[in-house]
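Peer 1: Sequence:
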Amino acid sequence: MTQTPNEPEKYSEFRQLVDKTHQQLVATLDATPLQLNQYLSEKHDAKIWLKREDLSPVRSYKIRGAYSFFNKAVGQSEEFVCASAGNHAQGFAHACRHFGKKGWIFMPVTTPAQKIAKTKSFGEPFVEIKLIGDTFDESNLEALKFCEDRQAIFVPPFDSERVIIGQASVAAEIIAQLPKCETIDLMILPVGGGGLAAGVTSYLQGTLADDAYIFVEPDGAPSFHRSLIMGKRATLSEMDSFVDGAAVGRIGEKTFARLKHFNPNQVVLAPTNGVCETMIEMLNIEGVVLEPAGALSIDALKRLPADKIKGRNIVCVVSGGNFDFERLPEVKERALKFSGLKKYFILQMPQRPGALKDFLLMLGPDDDITRFEYLKKSARNFGSILIGIETKAPENFAILGTKLESAGMRFQDITENEIISSLVI
Numbered sequence: 001m002t003q004t005p006n007e008p009e010k011y012s013e014f015r016q017l018v019d020k021t022h023q024q025l026v027a028t029l030d031a032t033p034l035q036l037n038q039y040l041s042e043k044h045d046a047k048i049w050l051k052r053e054d055l056s057p058v059r060s061y062k063i064r065g066a067y068s069f070f071n072k073a074v075g076q077s078e079e080f081v082c083a084s085a086g087n088h089a090q091g092f093a094h095a096c097r098h099f100g101k102k103g104w105i106f107m108p109v110t111t112p113a114q115k116i117a118k119t120k121s122f123g124e125p126f127v128e129i130k131l132i133g134d135t136f137d138e139s140n141l142e143a144l145k146f147c148e149d150r151q152a153i154f155v156p157p158f159d160s161e162r163v164i165i166g167q168a169s170v171a172a173e174i175i176a177q178l179p180k181c182e183t184i185d186l187m188i189l190p191v192g193g194g195g196l197a198a199g200v201t202s203y204l205q206g207t208l209a210d211d212a213y214i215f216v217e218p219d220g221a222p223s224f225h226r227s228l229i230m231g232k233r234a235t236l237s238e239m240d241s242f243v244d245g246a247a248v249g250r251i252g253e254k255t256f257a258r259l260k261h262f263n264p265n266q267v268v269l270a271p272t273n274g275v276c277e278t279m280i281e282m283l284n285i286e287g288v289v290l291e292p293a294g295a296l297s298i299d300a301l302k303r304l305p306a307d308k309i310k311g312r313n314i315v316c317v318v319s320g321g322n323f324d325f326e327r328l329p330e331v332k333e334r335a336l337k338f339s340g341l342k343k344y345f346i347l348q349m350p351q352r353p354g355a356l357k358d359f360l361l362m363l364g365p366d367d368d369i370t371r372f373e374y375l376k377k378s379a380r381n382f383g384s385i386l387i388g389i390e391t392k393a394p395e396n397f398a399i400l401g402t403k404l405e406s407a408g409m410r411f412q413d414i415t416e417n418e419i420i421s422s423l424v425i
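Each residue of the sequence shown is one higher than the one before, counting from 1 in my numbering.
Treat the hints with care, as some may be off.
Below, in silico cross-link-like pairs of lysine to aspartate or glutamate (EDC-like), each with a Cα-Cα straight-line distance of 16 angstroms or less [as the list claims (entries may be wrong)]:
| # | residue 1 | residue 2 |
| --- | --- | --- |
| 1 | Lys308 | Asp210 |
| 2 | Lys72 | Glu161 |
| 3 | Lys130 | Glu79 |
Derived Cβ-Cβ restraints for the label pairs, each shown as a range [as the list claims (entries may be wrong)]:
| # | residue 1 | residue 2 | range |
| --- | --- | --- | --- |
| 4 | Lys130 | Glu373 | 35 to 45 angstroms |
| 5 | Pro33 | Phe325 | 18 to 28 angstroms |
| 6 | Asn284 | Val109 | 27 to 37 angstroms |
| 7 | Phe325 | Glu124 | 18 to 28 angstroms |
| 8 | Gly340 | Glu79 | 50 to 60 angstroms |
| 9 | Glu148 | Glu395 | 58 to 68 angstroms |
Hints were generated in silico from the structure; no laboratory data involved.
Only a predicted model underlies this, so the values are computations on that prediction, with no experimental measurement involved.
By construction, the Cβ of each residue, glycine as well, lies at the ideal position given by its N, Cα and C atoms.
I would like the entire structure built from these sequences, with the hints used as guidance.
Peer 2: Put into structure tokens, the structure is as follows:
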């Protein structure tokens with residue numbers, strides 16, 4: 001059951017701290033918009049509201065937590081340190097310049113170049129960037145050692161009460177911006193380290209019921225989901241870092257303490273290639289540039305049962321838009337494969353005149369060869385070919401497969417075979 005946003009209520013101590021912090025933030029930072037998205041609303045037969053954190057000065061909500069932390073700690077030191085895959089670093093850099101403090105930023109070496117460059121631009125001349133480690137957790141460990149050596153203050157990306165309070169200001173703005181006649185039926189939140197989800201759910205306690213939340217994690221980094229199942233914080237032994245803004249090996253201690261009462265069934269695990277499909281969809285149709293983590297809440301709409309969405313008021317927190325366009329070809333490739341519009345095959349081509357022509361004639365009018373490469377001469381009578389094909393409808397591949405089988409051509413679909421694909425594609 002959802003209360004109306006304007007219904008009087010007794011503020012908790014946490015909510016009072018958030019409201020005070022929010023007033024400090026709005027003195028420097030403009031509120032991000034809450035927009036009713038017509039395209040998504042019509043697609044899902046619901047009212048889909050997007051909280052556009054991708055439109056903040058650093059294109060993510062992370063600036064809120066950084067400013068909240070600095071507001072409390074700025075008089076305690078002249079040097080600050082953080083570790084981040086990108087978005088927290090940009091918020092941290094922005095705060096360092098605003099408060100005139102020296103900042104050291106530790107980033108994984110895999111951080112997109114666009115995020116590194118933007119971080120420098122937000123913080124110059126007050127910040128220095130150190131690229132260390134392949135993952136956030138490795139960078140974080142080095143940052144903590146460096147911080148101890150220099151007696152500087154460490155600014156956590158998520159596992160800090162001050163950071164959680166800052167991220168909770170997202171909820172304060174949503175409540176203020178939602179039209180008085182509207183209520184929230186469902187709130188969809190992305191989860192990485194848990195700062196945003198912990199802040200928003202804590203702020204709205206008593207306003208939204210616990211079952212009014214859906215959380216979204218990348219399926220390659222399900223730290224929160226696994227922790228809920230185990231009943232304690234789980235550490236991932238391995239993870240896919242493609243959704244870098246939400247790829248965390250272990251959810252925060254303080255954040256999980258605020259989130260551990262939720263049901264694992266409330267967590268949607270978004271497939272990486274499906275997130276890419278959502279990114280391309282929003283870019284092509286809505287002109288909205290999202291990073292992978294920023295697309296998680298919108299992607300969850302596709303993964304939920306229709307009866308959970310239809311006719312409801314749903315707020316999706318769009319967490320970030322720091323996308324490196326050098327990654328666009330890979331994102332498009334992943335999206336096409338997920339939608340079934342692109343496949344890779346190993347084809348055994350007969351070694352006789354006219355064999356290639358016979359194969360080309362099997363292709364339909366909407367089939368396009370995007371890659372063609374002889375791998376080796378497998379035998380005297382045939383050779384192996386790597387072929388990539390894009391089409392306009394997934395069912396076209398079934399038609400092509402029937403033609404190949406009828407002609408006696410041997411082939412193997414390697415699109416989802418990660419081992420073979422990594423070797424030949």
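Peer 1: State for each hint whether it applies.
Peer 2: A quick look at each hint next to the structure:
Distance restraint check for Lys308 and Asp210: the Cα-Cα separation of roughly 15 angstroms lies within the 16 angstroms cut-off, and the hinted pair is therefore satisfied. With a C-alpha separation of about 11 angstroms, the suggested pairing of Lys72 with Glu161 holds against the 16 angstroms cut-off. Proximity of Lys130 to Glu79 is assessed by CA-CA distance (about 15 angstroms); at most 16 angstroms being required, the pair is judged to hold. Between Lys130 and Glu373 the beta carbons are some 40 angstroms apart, a value that agrees with the proposed interval 35 to 45 angstroms.
The given range of 18 to 28 angstroms is respected by Pro33 and Phe325, whose C-beta atoms sit roughly 24 angstroms from each other. At roughly 31 angstroms, the beta-carbon separation of Asn284 and Val109 lies within the given 27 to 37 angstroms, and the hint holds. The hinted range of 18 to 28 angstroms is satisfied by Phe325 and Glu124, whose Cβ atoms lie roughly 22 angstroms apart. The supplied range of 50 to 60 angstroms is met by Gly340 and Glu79, whose beta-carbon atoms lie about 52 angstroms from each other.
Look at Glu148 against Glu395: about 60 angstroms separates their beta carbons, and that is inside 58 to 68 angstroms.
Violated hints for the displayed structure: none, as all numbered hints are satisfied.
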